[in-house]
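A.B. asks: Residues per chain are reported as follows:
Protein chains: 2
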Amino acid sequence: MASEHERGRVKTMETAFDIIETLVALDGGRISEVASELGLAKSTAHRHLTTLEELEYVVVDDGVYRPGLRFLQIGEQTRTRQEAYELAKEKVTDLAAETEERSQFIVEEYGRGVYVFRDTGQRAVHTDSEIGKRIPIHATAAGKALLATLSDERITEIIDHRGLPALTEHTITDESTLRSELEGIRDRGYSINQQENTIGLRAIGVPVEHGDGTPFGALSVSGPTHRFQGTLFEETLPNLMLGTANELELNIQYS
Amino acid sequence: MASEHERGRVKTMETAFDIIETLVALDGGRISEVASELGLAKSTAHRHLTTLEELEYVVVDDGVYRPGLRFLQIGEQTRTRQEAYELAKEKVTDLAAETEERSQFIVEEYGRGVYVFRDTGQRAVHTDSEIGKRIPIHATAAGKALLATLSDERITEIIDHRGLPALTEHTITDESTLRSELEGIRDRGYSINQQENTIGLRAIGVPVEHGDGTPFGALSVSGPTHRFQGTLFEETLPNLMLGTANELELNIQYS
DNA sequence: TCCAGGAGTTCGACGATGCAGAACGCTTAA
DNA sequence: TTAAGCGTTCTGCATCGTCGAACTCCTGGA
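For the record, the sequence lines run as chains A and B. full-length UniProt numbering numbers the first residue of the first sequence as 1 and each following residue consecutively. full-length UniProt numbering numbers the first residue of the second sequence as 1 and each following residue consecutively.
No lab work stands behind these hints, which were simulated from the structure alone. Check before you lean on any hint, since a few could be wrong.
One copy or two, it doesn't matter: identical chains are merged, so the pair holds either way.
Straight-line distance between alpha carbons at most 20 Å, and here's what the computed EDC-like set of lysine to aspartate or glutamate pairs gives [stated by the list, open to error]:
| no. | residue 1 | residue 2 |
| --- | --- | --- |
| 1 | Lys-89 | Glu-130 |
| 2 | Lys-133 | Glu-86 |
| 3 | Lys-133 | Glu-249 |
| 4 | Lys-42 | Glu-235 |
| 5 | Lys-89 | Glu-33 |
| 6 | Lys-133 | Glu-54 |
| 7 | Lys-11 | Glu-235 |
| 8 | Lys-133 | Glu-56 |
The structure presented is a predicted model; accordingly, all values stated were derived computationally and were not measured.
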């Protein structure tokens with residue numbers, strides 16, 4: 001099963017996490033569901049799930065196993081471990097309030113962007129449901145801003161590893177185009193997303209660096225093309241975001 | 001190593017999660033640190049950590065391994081899976097805004113209370129750092145409110161499993177006292193915490209149930225004894241919270 | 001410059017342990 | 001009453017996780 005992995009790894013651990021991911025994907029599953037889904041013997045799935053439950057990583061309700069809140073605990077701890085994350089959260093909230101659009105903060109992990117905070121202007125649409133979601137780094141404003149802060153070697157690594165898949169007809173899929181785009185971002189200080197990720201959506205992103213110039217993450221604000229145009233899109237928003245990123249960097253430096 | 005666990009479980013998985021928990025506890029560790037911490041051979045720790053990194057559950061920076069954001073992803077997904085959680089979050093925010101005190105929503109897992117949302121009135125102190133934290137269910141307002149909604153058998157199970165450890169001199173450590181306290185909560189509709197968890201802190205908790213009467217979680221608001229007294233503590237707050245819980249239950253029922 | 005110490009990595013051999021499959025009991029539906 | 005489906009338990013086999021040794025790389029001190 002799934003033997004595309006290198007040798008020399010702990011196979012049992014792979015099946016353990018395969019099971020957890022199956023539970024996430026199925027939104028909870030019974031023993032035999034999991035077993036057939038992964039091609040395991042029923043007894044094996046049973047043993048794994050029982051162990052996961054004893055370790056308190058999985059809860060069982062009426063025979064249906066689901067991931068437990070311990071993942072949330074570990075996730076929150078890794079998120080808040082760095083004080084800078086709290087500062088970034090404030091800025092995300094501020095941006096959402098000022099622009100009344102959707103704003104988010106992402107960091108890079110394994111060559112992809114990961115949503116760390118997100119907020120929206122209107123209270124009603126307020127949802128955190130995509131926190132932790134991984135997005136292709138080359139097709140989002142925040143992702144490109146982040147890429148621009150990385151070293152050339154790291155950029156090459158990421159492109160080699162993840163490729164440049166097209167998400168819409170506007171996605172940049174050519175490496176040299178992307179590189180010159182990144183050059184432009186470094187000059188301007190901010191990045192633009194022109195429906196490269198989703199048709200009908202534009203966005204502006206700004207990188208955020210630590211005091212010593214090492215990359216930290218990126219802020220972005222996104223909205224519909226009919227609102228994101230003209231002076232707002234070309235001047236007001238970029239200036240607001242550059243200012244916000246600058247404040248954030250100063251806050252980080254002196255905290 | 002650590003052989004107090006039952007036979008018939010997947011031992012390798014236990015060491016895998018032991019390693020993850022060690023990384024959480026140490027806030028990142030090197031291979032040999034983890035190995036000596038858990039009494040493993042260096043090569044074993046190496047193999048596990050390499051596997052965890054390949055599975056993208058752990059990131060490595062300059063030889064130091066840390067839990068990755070995938071835990072956050074799984075945690076957020078389990079939290080937001082149930083739509084009711086979003087509704088609960090709104091109420092936590094509302095309570096924090098109205099009372100200008102700390103408010104939280106907890107659910108029960110493995111016989112303990114788990115913070116699912118938390119908010120505080122003043123923006124400055126706004127921190128989510130304790131999300132996911134597990135608390136003794138008998139020594140908190142929300143915990144007792146939650147306990148009061150459970151079946152007698154489940155209550156017995158929890159007490160047998162977790163015991164009633166004293167956290168302060170006011171903690172209820174006697175089972176029959178706790179049971180009559182729960183009876184009172186069922187009558188009144190809300191619970192009170194009189195410095196049972198932390199000296200100097202009082203709190204009020206209300207249970208939240210699904211439309212069919214099954215337990216969902218509990219809301220609570222906590223504050224310092226010098227503010228939590230008199231009419232506020234005896235009337236205003238309880239009424240506010242009972243109303244809020246009632247609204248929440250209605251929202252849940254018709255969503 | 002050389003050596004010593006510590007860290008990460010690789011390798012091989014042993015035996016613990018994870019795995020599949022069968023068998024059993026329970027519940028549900030026909 | 002029976003059959004199907006599910007969870008649970010057990011047992012034997014061979015896989016695979018474990019340890020320890022050996023090697024390299026890096027760093028700091030003499």
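A.B. asks: Provide an ascending list of the numbers of those earlier hints which the structure does not satisfy.
C.D. replies: 3, 4, 5 and 7
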